[in-house]
Amino acid sequence: MTAKRSTLKRKHLLGMAELSRTDITQILETAASIREINYRDIKKVPTLRGKTIINLFFENSTRTRTSFELAGKRMSADVVNISVASSSVAKGETLIDTMITLQAMNPDVVVVRHAEPGVHALLARHVDTAVVNAGDGGHEHPTQSLLDMLTIEDNLHRLNRKNFEGLVVAICGDVLHSRVARSNAIGLRTMGAQVRLVGPPTLMPRFAEEALGAPVFYDLDEGLAGAQVVMVLRLQLERMHAAFIPSVREYFKFWGLSRRRLACAAPGALVMHPGPVNRGVEISSELTDDPERTVILDQVANGLAIRMAVLYRLCSGRVVVEKEQMTTDATLKGEGP
Amino acid sequence: MNAEAGTLLIKGGRVIDPVRRFDATADLLLVAGKIEEIGRPDPPPGCPVIDATGLVVAPGLVDMHVHLREPGFEFKETIASGTRTAAAGGVTSVAAMANTNPVIDDPSVVGYILEKARAAGHANVFPIGALTRGLRGETLTEMGLLQKAGCVAFSDDGRPVMDSGVMRKALDYSRAFNALLIQHAEDLGLAARGCMNEGVVASRLGLPGIPAESEDIIVDRDIRLVSLTGGRYHVAHISTRGAVQAVAAARARGLPVSCEATPHHLALTDIAVGDYDTDAKMSPPLRGEVDRQALREGLAQGVVTVIASDHAPHDLDSKRVPFCQAANGVVGLETLLPITLELVAEGVVNLNAALAAITCNPAQLLGIDRGTLLPGRPADVVLFDANEAWTVDAARLHGMARNTCFHGRPVRGRVKVTILAGRIVYRDGD
Chain A
1 MTAKRSTLKR KHLLGMAELS RTDITQILET AASIREINYR DIKKVPTLRG
51 KTIINLFFEN STRTRTSFEL AGKRMSADVV NISVASSSVA KGETLIDTMI
101 TLQAMNPDVV VVRHAEPGVH ALLARHVDTA VVNAGDGGHE HPTQSLLDML
151 TIEDNLHRLN RKNFEGLVVA ICGDVLHSRV ARSNAIGLRT MGAQVRLVGP
201 PTLMPRFAEE ALGAPVFYDL DEGLAGAQVV MVLRLQLERM HAAFIPSVRE
251 YFKFWGLSRR RLACAAPGAL VMHPGPVNRG VEISSELTDD PERTVILDQV
301 ANGLAIRMAV LYRLCSGRVV VEKEQMTTDA TLKGEGP
Chain B
1 MNAEAGTLLI KGGRVIDPVR RFDATADLLL VAGKIEEIGR PDPPPGCPVI
51 DATGLVVAPG LVDMHVHLRE PGFEFKETIA SGTRTAAAGG VTSVAAMANT
101 NPVIDDPSVV GYILEKARAA GHANVFPIGA LTRGLRGETL TEMGLLQKAG
151 CVAFSDDGRP VMDSGVMRKA LDYSRAFNAL LIQHAEDLGL AARGCMNEGV
201 VASRLGLPGI PAESEDIIVD RDIRLVSLTG GRYHVAHIST RGAVQAVAAA
251 RARGLPVSCE ATPHHLALTD IAVGDYDTDA KMSPPLRGEV DRQALREGLA
301 QGVVTVIASD HAPHDLDSKR VPFCQAANGV VGLETLLPIT LELVAEGVVN
351 LNAALAAITC NPAQLLGIDR GTLLPGRPAD VVLFDANEAW TVDAARLHGM
401 ARNTCFHGRP VRGRVKVTIL AGRIVYRDGD
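Keeping their order, the protein sequence lines are chains A and B. Oh and the first sequence: position 46 is 46 in this note's numbering, straight run, nothing missing. Oh and the second sequence: position 336 is 336 in this note's numbering, straight run, nothing missing.
What the hints contain is simulated information worked out from the structure, not anything from laboratory work. Please note that the accuracy of each hint is not assured.
[What the hints assert, rightly or not] Here are the in silico distance ranges between beta carbons for each label pair: (1) A:243 <-> B:427: 55 to 63 Å; (2) B:320 <-> A:60: 24 to 32 Å; (3) A:243 <-> B:253: 48 to 56 Å; (4) A:219 <-> B:177: 56 to 64 Å; (5) A:247 <-> B:150: 51 to 59 Å; (6) A:286 <-> B:164: 46 to 54 Å; (7) A:243 <-> B:424: 35 to 43 Å; (8) A:254 <-> B:164: 30 to 38 Å.
Glycine is no exception: its CB is placed at the ideal position from the N, C-alpha and C atoms.
From just these sequences and the hints, can you work out the full model?
Encoded structure:
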């Protein structure tokens, strides 16, 4: 196998903005069928044996990196983790040089996280290797959005819904700096959901309504009214130094989610959080630990399945993975070494 | 028998001299590097002749906002390469901004630049001195000495003078020398970490935005200070509706206030950033459609009297980085004329007014004897085909840098010959 495997069109995963409803549905279906692997006694299949996946993380992340790493390993891929502290970026190498150097070792997928918006668009212009966006600044985090959608899909019956059409989702908190909010607003709207954005004016993009197609609420109770899914965003505490909000206690008082505030939402509304949680800042500790309402750990579990599905899809070189192919695919079904 | 150097007869062209609204088919005679006569001149024996049939013959263009990068950033552009791309764009005079290294805040740097420009010989270079030492916005430069050394205006371009007290003193002191102060109007507190216009595109891309008000506020403030002091004030690369309105109001009151707009702010909006295209990143950023329209109306109404390229060359590595980390600026000397002619084709301004904005108007603001075909003036002339269609190709620009935001754009108006003091410095196809 050489890098010039041009007969199979490689596609990057740069953001939810590039995925159609069919694309999203197929990834969710693949993930739903693949995830039972994670509950086997021997959690490994040979599907991606001989494939190489590089996790290139310029920003600290435990859960996302671990999730991608396990996703690759459970499908027998060789997974290498590179973090900024130990890379030659610290020696002044440019981002593109780092990427070209890695490409020369012919990996199948490079998973990149970076603090700067648009990094993946830049890399995709300069390299051929499949690039997966694991978060680029305040822009997109597509696998987070996909895992959130899989989690919502698992709970649609609870919400008396068959699909995403018309589902009311409130995304609450620091929308301005949140790639999770952007990816979810775009992806959920593609799937037909009604998305609302809720948060203080200083943490809301000025043109959020036009850019993301979602109405904006500055009052949490109003934003929550009738919402069937409430996504709480993490508040990065360093934002306080930049004068976006005056204090944590004021933030929690007006925009923090608690059992009492949740009563404004639809009965049985689902509470989600991308983690890690700042307890008592954006969500009360009590609500965080309530398994009846919050699905935070399901999100983590589904994250693994989504990343397996995405890596499978990119490594197999198939733009579209059919469900039939998945269920009859011997390598995927086989018990791996 | 050979004619004297710098002697040339340009025959049969459409001669336009915007300053006196001259526009007629005529011959133009240049003798010994000076404009001799327009009409049916009697050329000296042996005088070389250029057939300009079908071409516009105009004063060599004057671009009052250019970054030549030398000294200090010769890996981006040099005085030689920058004036070469100027000549290819029909520009015979450039005003060179002070943000070099060392900064143009000392007469010795002015001398160095003038000497380099003379040696290169592609275009006239008129240095702009720094307004404050080291562009730090604190202490005034030696405006008088710098002016004597050859500086034609003063600016900290690239950054604003944020301290109102310093700006007041600069405007006040400049009156002693009738010096023009050029402001890069941007409230840095409001611009914060922004790297593109604060608009729908920034909200979608997740990029921190720079609101138009960051420019409006400084222009408003400065106009109050002009009112207080009477200093001559010019807004560089104006980009917002609010700033155009403020300049219009100030001019209506008779204040010595002027402004320039760049071809990119007149032609493009922040939509051009597209998928994080760093060649569409500059300061001030490409704005929204409302602002672009205001700039065009300002040009039509004589509020915006100058079009200047803000030619800002960068090496590839400065642009091949994440958007927020990329250097600000685009090259523009070779697209100044065709984009200006677009405005004529689109009916924004007539040809005379358009050419005035890139010839006599900036020359008058800078107090230089260029930008006109008046007899006795230096024979700086451009010959261009106003209708020839071509496509901007970054790889075929004549300077060192490739960072144009017009790559691939079909344009009309091609420079055929550029003449500096009667000497051909550029000819299309050579």
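Does the Cβ distance between residue 247 (chain A) and residue 150 (chain B) fall inside 51 to 59 Å?
About 56 Å separates the Cβ atoms of residue 247 (chain A) and residue 150 (chain B), which means 51 to 59 Å holds.
Could you say whether the range 30 to 38 Å given as a hint is met by the Cβ separation of residue 254 (chain A) and residue 164 (chain B)?
36 Å, holds
Is it true that residue 243 (chain A) and residue 424 (chain B) lie within 35 to 43 Å of each other by Cβ?
59 Å, violated
Does the beta carbon distance between residue 243 (chain A) and residue 253 (chain B) stay inside 48 to 56 Å, or does it fall outside?
37 Å Cβ-Cβ, so the 48 to 56 Å window is violated.
Does the beta carbon distance between residue 320 (chain B) and residue 60 (chain A) stay inside 24 to 32 Å, or does it fall outside?
25 Å, holds
Taking 56 to 64 Å as the stated bounds, is the beta-carbon spacing between residue 219 (chain A) and residue 177 (chain B) within them?
Given range 56 to 64 Å: holds, Cβ gap about 58 Å.
Outcome for the supplied range 46 to 54 Å, where the beta carbon pair is residue 286 (chain A) and residue 164 (chain B)
Holds - the Cβ-Cβ distance for residue 286 (chain A) and residue 164 (chain B), about 52 Å, lies within 46 to 54 Å.
With respect to the beta-carbon atoms only, verify the hint that residue 243 (chain A) and residue 427 (chain B) lie 55 to 63 Å apart.
58 Å, holds
When each numbered hint is compared with the structure, violations occur for hints 3 and 7.
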